[in-house]
Amino acid sequence: MGYFTKRYHPPGTPPGTLVEHAVKKQTPLRIRLIDYNDREFVDMDLATVEDCQPYLSRSSITWIHFHGHVNPDILSEIGTLLSLHPLAMEDVLNAGQRPKIDEYDEHLFIALVLPLGLNENGSAEQVSLFVNENYVVSFHASEHDPFDPLRNRLHRRTGRIRTKRVDYLLYSILDLVIDQGFPVLEHFGERIEEIEEELLNSPNKNTLSKIHEVRRELFLVRRLLWPHREVLNHLLQGDRELVRDDTRIYFRDCYDHTIQIMDLVENYRDMTGSMLEVYLSSISHRLNEIMRVLTLIATIFIPLTFIVGIYGMNFGINTASPWAMPELNWYYGYPTIWVIMIGVVGGMLIYFRKKNWF
Amino acid sequence: MGYFTKRYHPPGTPPGTLVEHAVKKQTPLRIRLIDYNDREFVDMDLATVEDCQPYLSRSSITWIHFHGHVNPDILSEIGTLLSLHPLAMEDVLNAGQRPKIDEYDEHLFIALVLPLGLNENGSAEQVSLFVNENYVVSFHASEHDPFDPLRNRLHRRTGRIRTKRVDYLLYSILDLVIDQGFPVLEHFGERIEEIEEELLNSPNKNTLSKIHEVRRELFLVRRLLWPHREVLNHLLQGDRELVRDDTRIYFRDCYDHTIQIMDLVENYRDMTGSMLEVYLSSISHRLNEIMRVLTLIATIFIPLTFIVGIYGMNFGINTASPWAMPELNWYYGYPTIWVIMIGVVGGMLIYFRKKNWF
Amino acid sequence: MGYFTKRYHPPGTPPGTLVEHAVKKQTPLRIRLIDYNDREFVDMDLATVEDCQPYLSRSSITWIHFHGHVNPDILSEIGTLLSLHPLAMEDVLNAGQRPKIDEYDEHLFIALVLPLGLNENGSAEQVSLFVNENYVVSFHASEHDPFDPLRNRLHRRTGRIRTKRVDYLLYSILDLVIDQGFPVLEHFGERIEEIEEELLNSPNKNTLSKIHEVRRELFLVRRLLWPHREVLNHLLQGDRELVRDDTRIYFRDCYDHTIQIMDLVENYRDMTGSMLEVYLSSISHRLNEIMRVLTLIATIFIPLTFIVGIYGMNFGINTASPWAMPELNWYYGYPTIWVIMIGVVGGMLIYFRKKNWF
Amino acid sequence: MGYFTKRYHPPGTPPGTLVEHAVKKQTPLRIRLIDYNDREFVDMDLATVEDCQPYLSRSSITWIHFHGHVNPDILSEIGTLLSLHPLAMEDVLNAGQRPKIDEYDEHLFIALVLPLGLNENGSAEQVSLFVNENYVVSFHASEHDPFDPLRNRLHRRTGRIRTKRVDYLLYSILDLVIDQGFPVLEHFGERIEEIEEELLNSPNKNTLSKIHEVRRELFLVRRLLWPHREVLNHLLQGDRELVRDDTRIYFRDCYDHTIQIMDLVENYRDMTGSMLEVYLSSISHRLNEIMRVLTLIATIFIPLTFIVGIYGMNFGINTASPWAMPELNWYYGYPTIWVIMIGVVGGMLIYFRKKNWF
Amino acid sequence: MGYFTKRYHPPGTPPGTLVEHAVKKQTPLRIRLIDYNDREFVDMDLATVEDCQPYLSRSSITWIHFHGHVNPDILSEIGTLLSLHPLAMEDVLNAGQRPKIDEYDEHLFIALVLPLGLNENGSAEQVSLFVNENYVVSFHASEHDPFDPLRNRLHRRTGRIRTKRVDYLLYSILDLVIDQGFPVLEHFGERIEEIEEELLNSPNKNTLSKIHEVRRELFLVRRLLWPHREVLNHLLQGDRELVRDDTRIYFRDCYDHTIQIMDLVENYRDMTGSMLEVYLSSISHRLNEIMRVLTLIATIFIPLTFIVGIYGMNFGINTASPWAMPELNWYYGYPTIWVIMIGVVGGMLIYFRKKNWF
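Residue numbers (our numbering), protein chains in the order written: chain A, 36 to 393; chain B, 36 to 393; chain C, 36 to 393; chain D, 36 to 393; chain E, 36 to 393.
Please keep in mind that the hints were generated in silico from the structure rather than gathered at the bench.
Given the structure is predicted, the values throughout are model-derived calculations rather than measurements.
Be careful, since some hints might not be right.
Since copy identity is lost for identical chains, a pair holds within one copy or between any two.
[Said to hold, decoys possible] Here are the computed lysine to aspartate or glutamate pairs in the EDC-like style, where the Cα-Cα straight-line distance is at most 20 Å: (1) K245 - E233; (2) K390 - D298; (3) K390 - E362; (4) K245 - D305; (5) K245 - E55; (6) K245 - E324; (7) K199 - D140; (8) K390 - E178; (9) K389 - E233; (10) K390 - E248; (11) K390 - E233; (12) K390 - E324; (13) K240 - E312; (14) K389 - D86; (15) K199 - D280; (16) K240 - E55; (17) K199 - D288; (18) K390 - E232; (19) K199 - D70; (20) K199 - D78; (21) K199 - E168; (22) K245 - E229; (23) K199 - D180.
So that you can see chain A by itself, here it is in the shape it has in the complex:
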């Protein structure tokens, strides 16, 4: 996972410049138009951008979804058609991965981060939205398409969504994108539990890498998802008349979800921080244990080896000096040595036992 995932123009580029960034794999573009009110419903794929014009002029709610790779030409076509602000259009291409909301005269621009692909290839996906009283235009350059459940709900004629205004559609999209955080966090939770299991039972080198990796991703998730809170706060508090009173409670619910997600991320981050410390303490503890065994063995046998070394000396072999290791010639010399050695060992064991070493 690259740490720097922001795509940016060379500094000094005029604002609103639409330039394509080289991307490895691109999903081909599919323009999907859904136009509905409580009685009628259209769901079709558009061949060109202009095809959406008749629907925009009607009073029904229009949702145009650009799924896959949008090149600058098509984007500027859309921009002209809907009078989108160039700065916002630039943000669609420069997937900046910081959720934000900007109010323009003609429309709201909302950039969201979809944490869907986070665990696979490490880069979150951006969902860009242009919203005004008549339409939602959304962009999502990905292989995945998480919006099917929403389309199914729109298809159902009796669904609440069909009777509501565009703000409810916006809420449904926001809710869908933000709730993708829950399975991601569930996955994090499972990984952390697994690592913890390993940490407390058999900590090894991999445990460390795993903790580090989880932390790294949590730092990233926090950075990416935190600003969702501001986006929803702006929608709830903003003076723009887009969000009506009867829908506000839904946005409030969505806001609560972002808070829940951030609470969990913070919780996980604290946990993993604590786990790093536990890991360090744990291997230090293990080192203690290892060294205790070494010290026990070494301090018992090194003196003994010295003692037997003494009587391996060859003094007295070629000389008859009475000072030359007379012990060797004592009648009980050898058993005496054993008694001494057993005494030394016993003394040490008592000392170590007193020091609580085994």
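Since chain A is already given, all that's left is putting chains B, C, D and E on it; use the hints.
Chains B, C, D and E in isolation, oriented as in the chain A frame:
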């Protein structure tokens, strides 16, 4: 204890969808109705939800408590009867474990966390409340029933609670739920003291696991209980007319309790963080002690062993060269070696004493 | 020192219930009444609570101080006499050790923490105050009585305090209680300096315990004293007309003292946190030193011991093979070995010197 | 890189004193004037400061850029010409490296930090701006000139910038300076990824230095760039009429960029903090591994060496005592010893295997 | 450097009590009066406090500076003359070392901390100021006198300061005091760079003490200087009419300096925190290196010593058993042993090389 305890719908599910989550063990539902004013008092079990209707239409205060497992059908029945908002009803089932308060036209919705079962099976329980000027409807899916003391107070005809309005009943429930935090924290305090005792006297591997476990639970408790503060703040400051001036001081007291609980949790968290560092320092210190013993023994005996090794060499056994270990044949050779060895040991002891090693 | 020092009722107890908590040692109650204005002064001990009634009805300032153990009966007597709010009376008994201020219709209730006995038995004492325009009623369940200096000032007829209103008396009590923090912090400062001295010169196991203990107490002091700030802020900013403009500057000074105390506590906490890290580094450094000595000795003598071991082998003793350790029979064999060994030692010393090990 | 990079006057110097600070290398001054409106465009180098006067009196937008070293004389000349405030002029010379904005009667003064040369020689460069409704006067004492892309955009007659007012020029300069942060952060991101690679695969002493160096620079970058946020906030919220409504959205975009940059810096800082801890854990883990090998070898061979040492003793060589090492004379003595030694090794291996040491 | 440097009265002392604190060395008092307007200038030493009276009644600006030790008698004399508030006068004596500003009816009281002597004897000095529309009265109990540059500027008749009001004099004093922080921080910066050099090249025990000492001082500096920000903020935002619009920009500049100083202090603190961690990692790394050498030598030579030990056993010397070490009698026995030993060493070196140990 699982880290991820939020139950959630698949993203994209319409808001207000009531679906049952698989739960291991379910307490059978018991619907308990208490209806009272200063003169009359009814306490009965209801067989069906509809049975409460006559009481709701009266001017007395009605408290309907759903204890145990509520299935979606019964919930939607209640919802229809009391015109509960679908979003709030969804929150009753999706025990989200984040305390919150939502104002709807018809009623307030309050979700609280009861830290009762935290130490047993690791998942806190949710208490959900619907409140308006006439009734409190509460849900609690648990085996425990902590509300008995409150019912006893209601039974007593002379109790202050019988003369007060519904806001005082709400306060009494909130107070009871929040004060459950005190025994939980007392238990934490005792555990921390025990661990600290162990930490300073005989730190071992288990000490580390215990510190980690306490920290993990404290992180969880902080996350779960922290939002109680917002809930009470909202009730105190909110413009809704539910809480009257004479009851406000009670809610304020309840707010102070949440602050006290959070203060203690923060205090405990800082303490255990400090204990982790002390543990690490403590086992590092112990390692020092162990290594000092090893080094003392090894540095004294290894040179001695070398010296006795020299005179174990077999030079001069088969040869008469005057260069072949003539020391072996000296008259005082053996005692000389002992003098040298005692000198070496003495020198080392002086050196180590100067280095303050024993 | 116990971590959980809050006394609480079982959850569900009605608010305002006055129940005695079991306490080890109780100072017998002494009710002391001081009643004064600029001309008159009364200082007497009361036998019963009712005796204070004549003084309360006069326009002079009345200070009733309950020193020692107050049992629930006496407290409820006082409550009836002065129409104290039951919630506040409960807080007098449940010494909750969180400073707070509550505004009731009849009076202010202020709970303060006196850090006096902190260093002795680890539990701070609570001073509870009821104040209105006519009186101050204070409770202090302790053996110590720190209020004598204040009484002496009241005795002096010329003191500024005799010409001032009840707010100045309140200020004098607050100031006295809060300034008890300075000697406590001075004591902390001295302990930290001592520990630091030890830490940098001869760190040992006790140093760690001492640092931990100081940190533990600082965490506690922070938790206990921090809310004093809110209490004073409330008095300064509150809309209640108790604190008049000419006394406000004194409360402001008192506020500054709480800030100074918290600044110092934070400072000490940062210092001790840093000391924990220094301790860990310091014993790690010492381990390095120990291991360097061991490694030096071991790496020099272990190869030498091997070399002398070779020539302790008995090859060639019972055989005449020319391959059986012919070195033993060389004319200069023994000195050659010494040359080799000295060479090995020299080489190692050069290597270690280059590695900067001694 | 020096830690203290602020140039300051000796305390007590009158405000607005223009004194040259000794700087190692100075780029010669180049005064570049650009004057434009939607029809006309002038881009020329000025020989003296006075040459700009005719342009300033015209209604067109004038941008005077001082590139390179400005000495106090020239600066005070400019100051007199444009009535610049002495305090602001002092800030141009005392490159203080804290972005700020000051409102004077005649003009705004803005100091920005250009993180361009940060990775080369460790000192960020200051860009100082004086702005009012008619002109932008900018100072940049550097070898680099990052403003060429902006000049190119001004040259193009059809560019949006030519039709806009001076606030758009200001925005363009701010945007260019702030966006220089992106390549710098990209470079940081690459370094951190490289270090992480090294950290997890083959941590060595250099890894530590590298982490420390990156952290040091990140601390610096944070300190330098953080106040850009305040500068832009002031421009967006300030009551000065300089930034008009149609340009505000551009400044808002610029503000978002500063937030993105700070988010990344914080993210990197957390990452490197985590990496320090991982490094420590990682080398501790490696020490464990090393010690395990040592302990394994030592505990196996030290007892064996003791055993063979026993039978190297010379008891019984010169004596016929039946107590003098009779084992030596047993028929199967030697194989028995081997059996014992193999038994000891086997027992130890089983013990270590059970302890999970290899 | 003592940690607790606050001088305080025993709790319960009446506010405004002026009591002398025992101080080691006291600079004798010098009262210096400067009285000026744009035409006239007086600079003289006063013998008694009363001598300043004629100057105070004139419309010119009067600056009375008390340099050195002020005893309570003189202070109360000044207090009476200028109607200073007793609380403020107490703060002059109880050098509390927390910068603050208090508004009294007659005057402002400002306490500043001069970080001048910080590096020498560890206690910062207090500068106390009383200011109103006519005068500045300042107290500074120190050996140093940093105000000479300001007096020189006042002497110069053409200086801007002579044409300004008392707020500009106040600004000049504040600026001078606050800017003393820059050389102090420059000195810190140099020390930190030196320590860092040492840390990365040859970390030793002293490095640790030095880091700790710098941190300790930085904690202190932060505590002492941080409140300067509040003082300046109060002056800038306060409703008091002392600071006029044309001088406000100068106070704003001064405010920026306090922010710059705190930014640097925070930066240094983060740096030294990081350095502590680097130190720990660094000596752990070094321990690894040492242990690697020990393990290498020990694991190679211990088995070899065992092998040669085997053939040092005396089996077969006194017996003719064919099982008694027949290897000793083999024709190629000795070279075979060498081959085996070389094989063991080679195998181990290959193993260690694979483990990347050298």
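Any hints this thing doesn't respect? Which numbers, in order?
Violated hints (numbers, rising): 2, 3, 5, 8, 10, 14, 16, 23; every other hint is consistent with the structure.
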